[in-house]
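Chains as they are written, first to last, in my numbering: chain A, -7 to 304; chain B, 12 to 444.
Hints in this document: simulated from the structure, not taken from any laboratory.
This structure is a prediction, so every number in the text was calculated from the model and none was measured.
A virtual CB, placed ideally from N, CA and C, is assigned to each residue, including glycine.
There's no promise every hint is true.
Stated by the list, open to error - Stretch by stretch, here's where chain A covers chain B in the computed footprint (C-beta under 8 Å, at least three residues): (1) 212 to 225; (2) 323 to 334.
Stated by the list, open to error - The following residues of chain B were derived to be distant from chain A, with all beta-carbon distances above 12 Å: (3) Arg177; (4) Pro209; (5) Val285; (6) Gly286; (7) Lys401; (8) Leu409; (9) Pro443.
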Amino acid sequence: MSVLDLSIEDIGHILKRATELENQDPLERDHILAKRRIALLFYESSTRTRTSFELAAKSLGADTTLVSSLSSSIEKGESLKDTGLTLRALGAEAIILRHNSSGAAWLLESETRLPVLNAGDGMHEHPTQALLDLRTMLAHLRPGTETVNEQTLAGVTVMIVGDILHSRVARSNMLLLPRLGAKVILCGPKELLPELAAKAGPGIEIERDFKAALSRSQVVMMLRIQAERLAGLQLDLDEYKQNYQLTGPRLAAYAPQAIVLHPGPIIRGLEITAGVADGFQSAILEQVKNGVAIRMAVVERALTAAQKEGRA
Amino acid sequence: MTALVIRGGQLLDPAAGVDAAKDLLIKDGRVAEIAAPGKLKSANGAEVIDATGLTVTPGLVDIHVHLREPGQGYKETIATGTACAAAGGFTAVAAMPNTKPVNDSVETTRWMLAPERGAQIRVYPVAAATRGSKGEAINDYAALKSAGAVAVSDDGLPILKDGVMREALAAASRVGLCVIQHAEDTRMTQGGCMNLGPASFKLGLRGMPAEAESSLVERDIRLVTELRDARTHLHVAHTSTAAALAAVRQARRNGLRVTCEVAPHHFLLTEDHVGFYNTNAKMCPPLRTAADRDAMIEGILDGVVDAIATDHAPHAVHEKEVEFENAPNGIIGLETSLGLALRWLHKEWKLPMGRVLSLLSAQPAALLGMKGRGTLAVGSFADVLIFDPKAEWTYNALETKSKSRNTPFDGWPMLGKVRWTISEGRIAYTNPA
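Build out the structure end to end from the sequences listed, making use of the hints.
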């Protein structure tokens, strides 16, 4: 549901299982959730999240079925509750939900009483993205780390740049990373980053000056401008690029050691230049790869934590 | 009509300045006689209600409810809404015009008042201030008033345009009606579904800023000032922000006829009650910050708030079982208003019971000019609430008389249990201990 539902111990366990499952013989791994039924319910388009959840579930032997809003009775006006009850009646044991409304995963879980994995709900959260981002950061900054605690990321500053207001990835990361000791700097123009964002939790600050933020950060997380959520907001994209685009020269000048992350999809030439996206500091494709491992761990957790209401 | 005697109770009638053990005789729907216990002169043959140990007070008046008829009888009807009101101790309600169709006509106003609607208590329709509540062309207030409208409002929506609001205030003044404003600058609340602040940011919900309310209240007060007509009466519906209340307070100091109401949820709950997307904590205006909530309490205690009004807004269960941003605004409130007001305003914040009851009856009745209501003086309507002031109980939304049960107060402790509600001499609700 939210990264706040996970204790630090839970997070450590998920990271550990992700590594174990990734290294396990695929034929052996295939038995873990053999023939268990998992529904992927997607109200928004998705490439990475949907595919990696699906591959993760299938890697563990589960049967998956995809229901997307454009090719189902959702188009005819069926409610989320009824869709969930229908999937349950069809034998789904867990539902992976991507939805355009914040809080949709809560609603689905309370109506179906099934474990629901939040694959992104509106502008609220995208918890597995934050977990895979964490795994990517640890691989670079704390290689060999087996467990996590409140100090694991002490001394690490992560900047999140761009459309914070509409970003569920930003929310999940800013609520997760400070719990492991990291400092989070939010960077962006006022229209996309209201002052009150700094009050979302501890360890969060706002720095509007992109270069100043870059010079303090070990991790640079770029976000896409979400045209579909701007709701009439007028934004001067040229000005945005001038102030906040991550370019090769800026990266070289202010953060030559930092790793560059982006949850995707990237818009080359807008928030990030092609050179940086493909450059040696970029860990964008590692993120994608880590997504499968993390999602294997959370799917397993949801279906095996018997009475624990598989939250993730 | 048979006569009715209410015997042995404590009569608490703030408007008449009475707080004493009295017996009441009711005849032909009116209060016929008030006397010391056992001293009624003409009580022979009357039906007797034993009110020993109970408080007898004017029936409650709610100047802001949504009865959903015409058009949305699946949420509530005039019959069920008024049955719910009677169960909450109310004997008169003002019904907002955002029905389907909008009540902007003499025909709809009369339709609502027809006996076939099965109202259990007195209903006062509030007519739309503008045609279709679209905020463009004002209606014929004189005609609506003579059909039975008690005020005009576009509630649910604001009257946004300066010129239209000025015209509405002026036209309403001429016929002696007040304009009830739903103060929400909708240009600032697009897509908003809760108060704008750290909580809305964290939940990923679009917020409604406090300024959307206060700026429109300030605009309206400026218009009242400019009109320079002592008859002009602006009433601010469901006040929810400290800034809006401060503006009302200042207007009153300046001698303007600007009144306001506050709903129980705005003096009891804050944005934190949205919790994890609880659609029963979604209403408009939204639950605000603790500072705003405290300002509402302060305003009630110091008297700037004229009335408690519930904004009773029923919605069917399936309409609230949806994504938070898609859920309709509003909660029911008629059965919890007295219990919450006594439990908190009286017991917790020590507001004398007479003042609590006055905020729930005499003051709202006077505010909208409901003659003969809000008091039990001889000759007034026999609208009586008899309740047990010491009874503590727990609200169970499943037992509601409303057709809907969208309330954040399910399971909340209440003080003061309604035993009888009498509407114009007729027992509209009874629940003897």
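Consistency of the hints with the structure:
1. Check on the region 212 to 225 of chain B: 6 of its residues sit with their Cβ under 8 Å from a Cβ of chain A, so the three-residue criterion for coverage holds.
2. With 4 residues bearing a CB less than 8 Å from a CB of chain A, the region 323 to 334 of chain B meets the requirement of three and the coverage assertion stands.
3. No Cβ of chain A comes within 12 Å of the Cβ of arginine 177/B; the nearest lies about 28 Å off, and the non-interface call holds.
4. Against the 12 Å criterion, proline 209/B falls within the reach of chain A, whose nearest CB is about 4 Å from its own CB.
5. The claim that valine 285/B lies off the interface is violated: its Cβ sits roughly 9 Å from the closest Cβ of chain A, which falls inside the 12 Å cut-off.
6. At roughly 10 Å, the least C-beta separation between glycine 286/B and chain A is not larger than 12 Å, which violates its mark as non-interface.
7. No beta-carbon of chain A comes within 12 Å of the beta-carbon of lysine 401/B; the shortest separation is about 38 Å.
8. Distance check on leucine 409/B: its Cβ is at least 18 Å (rounded) from any Cβ of chain A, clearing the 12 Å threshold; non-interface status holds.
9. Even its closest Cβ contact with chain A, about 39 Å, leaves proline 443/B beyond 12 Å, as expected for a residue assigned away from the interface.
Violation of the numbered hints given earlier is confined to hints 4, 5, 6; the remaining hints are satisfied by the structure.
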